[in-house]
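Chains as they are written, first to last, in our numbering: chain H, 1 to 449; chain X, 450 to 832; chain R, 833 to 1019; chain A, 1020 to 1250.
The hints are simulated quantities; they were obtained by calculation from the structure and are not laboratory data.
Any given hint could be a false lead.
Restricting the straight-line Cα-Cα distance to at most 30 Å, the calculated cross-link-like pairs of lysine-lysine (DSSO-like) are [said to hold, decoys possible]:
| id | chain 1 | residue 1 | chain 2 | residue 2 |
| --- | --- | --- | --- | --- |
| 1 | X | 756 | H | 150 |
| 2 | X | 756 | A | 1236 |
| 3 | A | 1236 | A | 1218 |
A few chain X positions that, by computed beta-carbon distances, are all more than 12 Å from chain H [stated by the list, open to error]:
| id | residue |
| --- | --- |
| 4 | 521 |
| 5 | 550 |
| 6 | 552 |
| 7 | 597 |
| 8 | 631 |
| 9 | 638 |
| 10 | 663 |
| 11 | 664 |
| 12 | 806 |
| 13 | 815 |
| 14 | 816 |
Virtual Cβ for every residue (Gly too), placed ideally from N, Cα, C.
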Amino acid sequence: MSFQLIIDILIATVPLLVIFPSLFAFTTWMERKALARIQNRIGPNKIGVPCTRVSLFGLGQPAADGIKMIFKEDIVPRGADKLFHLLAPILALIPAMLILCFLPLEFPWGKFMSGKVQAFMLDSAVIFFFAITGLNTLAIFMAGWASRNKYSLLGGMRAVAQMVSYEIPLVLSAVIVVMMVGSLNAKEIADAQSGFNWFVFSPWGLAAFIVFFIAALAETNRSPFDLPEAESEIIAGYFTEYSGFKFALFFLGEYIAMFAISGLAVTLFLGAGDGPFVDAAPWMPAMWFIAKIFGLIAVMIWLRGTLPRLRVDQLMAFAWKFLLPLSIFNILLAGLSYFALDARVANTTDDVIHYVNSGNPFAGVPELGTNEALMGAMIYRGMAGEQNPMAAKKWFLKAALKGHPASRTLVAWWLGIWVLSLVALYVMAKGLNNLSRSTTKPREYLYAE
Amino acid sequence: MSTTAAPNYELLQQEGLETSLLEISMGPHHPSTHGVFRMDVKLDGETVVELKPVFGYLHRNHEKLAENMSYLSSMPFTDRLDYFNSMTNNWAYALAAEQLVEVEVPERAEYLRVIMAELTRLVNHVTLVGFFVNDLGALGTPLMYAFREREKILDLFEQASGARMMCNYFRFGGLRNDVPEGWLDRTRELVDRFPAFLDEYEQLLSENEIILSRTQGVGNLSRELAINAGITGPMLRASGVNYDLRKVDAYGIYDRFKFRVPYTDGDTGDCYDRFMIRMLEMRESVAILKQALADIPEGDIIGKVSKVFKPKPGETYGRIEGPKGELGFYLIADGTPKPYRYRVRPPSLINLTVLREMCLGGKIADAVVILGSIDIVLGEVDR
Amino acid sequence: MSELSHESLLKEFPEAQWDEAAGAVILPATNARTIAEWLLASGWDYCSNVTGVDYLEREVKEKITNDAGETETVTRTEPGRIDVVYHLYSIANKTGPLVIKQRTGREGATAESLTPVWRSCDLQEREVYDLFGVNFKGHPDQRRILMWDEFEGHPMRRDYTEPFDYEWEPTPHAEILEKHQRGKVII
Amino acid sequence: MSILGGGIFKGMAVTLRNFVGSYFYKERLITNDYDWRPEDKLPQSIGEYPKEEGEQLRDTTTVNHYSRNFPMLLHDGGEPMDTVRCVACQICERECPPQCIYIEKSEDKTERSDNKAQFYPAKFDIDVSVCMSCQICVEVCPFDAIVMNSQFELSTPDRFGGLLVRRDDLLKSNDYYHKIHPQEAATRDQKMVADKAAKEAKKKAAAEKAKAAAEVKAKAAAEAKAKEEGE
């Protein structure tokens, strides 16, 4: 391994270790403040700059909490397995931090290689991501078991069942993106979405994103799937017996996992570092990436402030009877319609090329939008540099807007397939919902005068 | 009808594999047992196979205390029975004591009593629904909205009686003092705004898919068992019995108001019914409040009662429709200024009779929800 | 269905007594359960309140007319007793209350449990057992309910004396309490 | 047929509305900021809480006529023990539900400035940790001597001495009472004046009656004498 590579990796990793834990502190503040406002309270508002009366909307609260956590007594129950009780929070944090390295988050301060650094370039990043996420389950079960507390044990059991179940829809919805891009490399997936070709903007991508987001909520034990730490039933679940700094580590691990899984959602569906003015400055992609992560976390907080919790059997039923069939159906639908659409594009390309070959497009009256259509065809065929079907479709859309007949047919097909896919997905979801959930509906009541 | 036997549960015994039931003592310090209530639960995985309620952690022998002091001195202690609804507790006690001496309550006092009782009902139901959804796992958002509205009502209570929760406002033969100037206007304003809040509350809760699937079909209670087990209040009406003491006894001046009693057809009697009955009852309370605030006359606030309350020997049982159910006071007077026997019929305790039956076979999460839908306050359960 | 009043009960079961002063029917000790079942069948479907009342042994002065036609005051000792009081209502007919009482001595107090008839008596009879020490024959689950299992004595009995307060700790309030106990403040 | 997840979206709309609303509407965000910093002066009673011009505070912060927290003994101004209304009749002590009042009656009567010889409380202690602010003592007092204070900052670092409030700390002037509960104090004073007037009227009437009776008696006696003399 060369010296430069080590330096580059360090340069890319150290920011992860600095940025995300400090973002964690900010997120706890944000969550408390947002939840407070949702509940019509004020939230933390006293602690700001120390020794002054500047409160900065309570932004000093996380720091105060952290100091308190460090100095609190560490209580280990008498019957607990002390070694595993200690290891569990560490083990919960490490995989979460590791996952962050696979995000296609480029920092602009690399010197030796290309000017931009990413912590880890791995051709099988997505696979690796899911593999390491699975480790979290182990830590949680370890915590539940080692605490020697019945509530902890119940929480640990719930966590294992829940995480194993929800990993399947999570992976299956990611498969769609992998199918489309044809690569497991996070960087390539990110690049494939540049120029607003985000996968969330297609019906199957949207469905996959929703499934992915729901499963991600369950993976990170967020409301309404926070059963392993269900306060009203099993007190605090697996971390009932944790206090002080160990508790803080668990907390940190949970939030880092939230960042990581939101980061993956952003990578897979929301165009990674893509966004308006992305070329304006070298740090824009990273900013966009983190902003999108925060957007997703805001939705998580919003959901947490609104929804009650599912029951264990309903949770399982939701994963196996609703999300799993839906995501399998989605994969089929995506494959079919993607290839149908692709065939149609190929067909149109043939038409355009044929038209160009048969006559002289630049003499006489050219058909409207022929230039754009030709451009699309050339891109599709790979004649204008890189071969990129998405970019080709964009040119065909432009052609269709100008009135190119073959492109218009293509766009009509395109729209038709999209609408049909959306309808099919909705009908499927509705049907699955009716099947898996017993008929629960609002009722009518009687009145006595 | 006797207590149903525990389900015949056979342990799964396999060679080299031995499983046992998980015994959990939920409470007395558990976040959602609504105080120091305890349930000894046996779990098969997550399923409840045995549940034993344990009472008494807040027992202070309220009845014995009351038997050792004058009639008036127990009035502030009744506040502490069901500390959410001190006004209705006061009323039930005052009603029973007034039956002993047959005193005339002035018109204005009767109206104010109705207003206070219905405001109390709003407070109780609105917070109950909040706590109930909290037990379902919401992060306290509905509870905070409920507290927000409760706060406004408690402000009114404070202005009238001097205290927010321990009101100690009713006296034998009337009320302690008249409400301050402008109080009725403020109450009118609150009552006018309340339906808007209820709309928002219903929009938040009553169609939510998660709440529907968590509560429907959970904790079913049949009509026959409900009557036989002495279940009262909204819980009884949710099981399909049209029985409201405000209509049946028409105590106070409830016969003057036009209001409806919501109840179900008795098919299910589950947690969702109990939850919705309370939501609907609040609207009826608002209707009563509007009428009472429109009709309230001027006049005296307390009838002619001698300063030393010394009823003739006799016994009486006074009961009212408290927000949680039938709250009764059984008094035996022996001619001295102290009651010879003073008994509280606590609706919270008696509604817990069927807790075990409703919980068996459900999940542990259901047990919490069912307990939440019963609506107990430990001050009243343990007395 | 017979009329819902105490008269029909007294007609059906002549051994039951009507206590005018209390407005209650006193059930005979032998067949309280039978009467309760009859009551349930005849429409008293809801037992609202169950409680005990403890009467100490006391001396009663009575004016009676003797054979010679003169009035004289006689002192008579009334034995102590515990009444178990039930308040019955009818939800179907919306009437009530009918008060029935079971009467038992203070020593070895026993009464018929009416829990098999009305489930609502379950916890309340347990409470009477706990606080008054009345044994209910036929109660499915008779345990202490409010006091802990190891507790001795029955605190609602009128001759109950509190044990030494082992949780006592000095407070400024001790002086005040002591005065109240010493004086047994008379109202 | 409802749309999939419609109830959840409705709920989310409500929470969003509340999130935004809490920044704009006072009726949504009703929390009052209680400044906990010790250097800030605490309000002595709810009634004295300053209400700024045009500030939409909740109603609790305005004068609350019936607020009650802890009893105080009233005197009519001047040297407290000279004009204290309490005559140590001990009714409040007996009626107090949690039994937190401790009174020792004076052995002798004192000559007070209003030339009345009166018993007075030699000791009058109330235990803060036990008092439940029920106001029963105020209601049973026949002399309007004990009323409720609205001061609520009663915590103390001294568990034994500090929680037992002595007579001299309980004594407050009638002016102070007028300040914290103006309406109640006024009615109470009116009642006292009326009672006094009634008492005096009664006394006067009784005196007049006695005088008249004496006159009648004297007249009768005179008549009888005259009769006797006539006979």
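Quick rundown of the hints versus the structure:
A hinted pair counts as satisfied when its Cα atoms are at most 30 Å apart, and residue 756 of chain X with residue 150 of chain H does not qualify at roughly 58 Å. Using a Cα cut-off of 30 Å, the hinted pair residue 756 of chain X and residue 1236 of chain A is violated, with the two alpha carbons roughly 38 Å apart. For the hint linking residue 1236 of chain A to residue 1218 of chain A, the alpha-carbon distance of about 26 Å falls within 30 Å, and the restraint holds. Distance check on residue 521 of chain X: its Cβ is at least 37 Å (rounded) from any Cβ of chain H, clearing the 12 Å threshold; non-interface status holds.
Residue placement check: residue 550 of chain X keeps its beta carbon more than 12 Å from all beta carbons of chain H (closest about 34 Å). No Cβ of chain H approaches the Cβ of residue 552 of chain X within 12 Å, the least distance being about 31 Å, so the stated non-interface status holds. Separation of residue 597 of chain X from chain H is inadequate, the least Cβ-Cβ distance of about 5 Å not exceeding the 12 Å criterion. No beta-carbon of chain H is positioned within 12 Å of the beta-carbon of residue 631 of chain X; the least distance is around 26 Å.
Residue-level check passed: residue 638 of chain X sits 19 Å from the nearest beta carbon of chain H, beyond 12 Å. Not every CB of chain H lies more than 12 Å from the CB of residue 663 of chain X, the least distance being 6 Å, so the non-interface label is violated. The Cβ of residue 664 of chain X does not lie farther than 12 Å from every Cβ of chain H; its closest approach is about 8 Å, which violates its non-interface assignment. Residue-level check passed: residue 806 of chain X sits 20 Å from the nearest beta carbon of chain H, beyond 12 Å.
The Cβ of residue 815 of chain X sits about 7 Å from the closest Cβ of chain H, inside the 12 Å cut-off, so the non-interface label is violated. Residue placement check: residue 816 of chain X does not keep its beta carbon more than 12 Å from all beta carbons of chain H (closest about 8 Å).
The structure shown violates the earlier hints numbered 1, 2, 7, 10, 11, 13 and 14.
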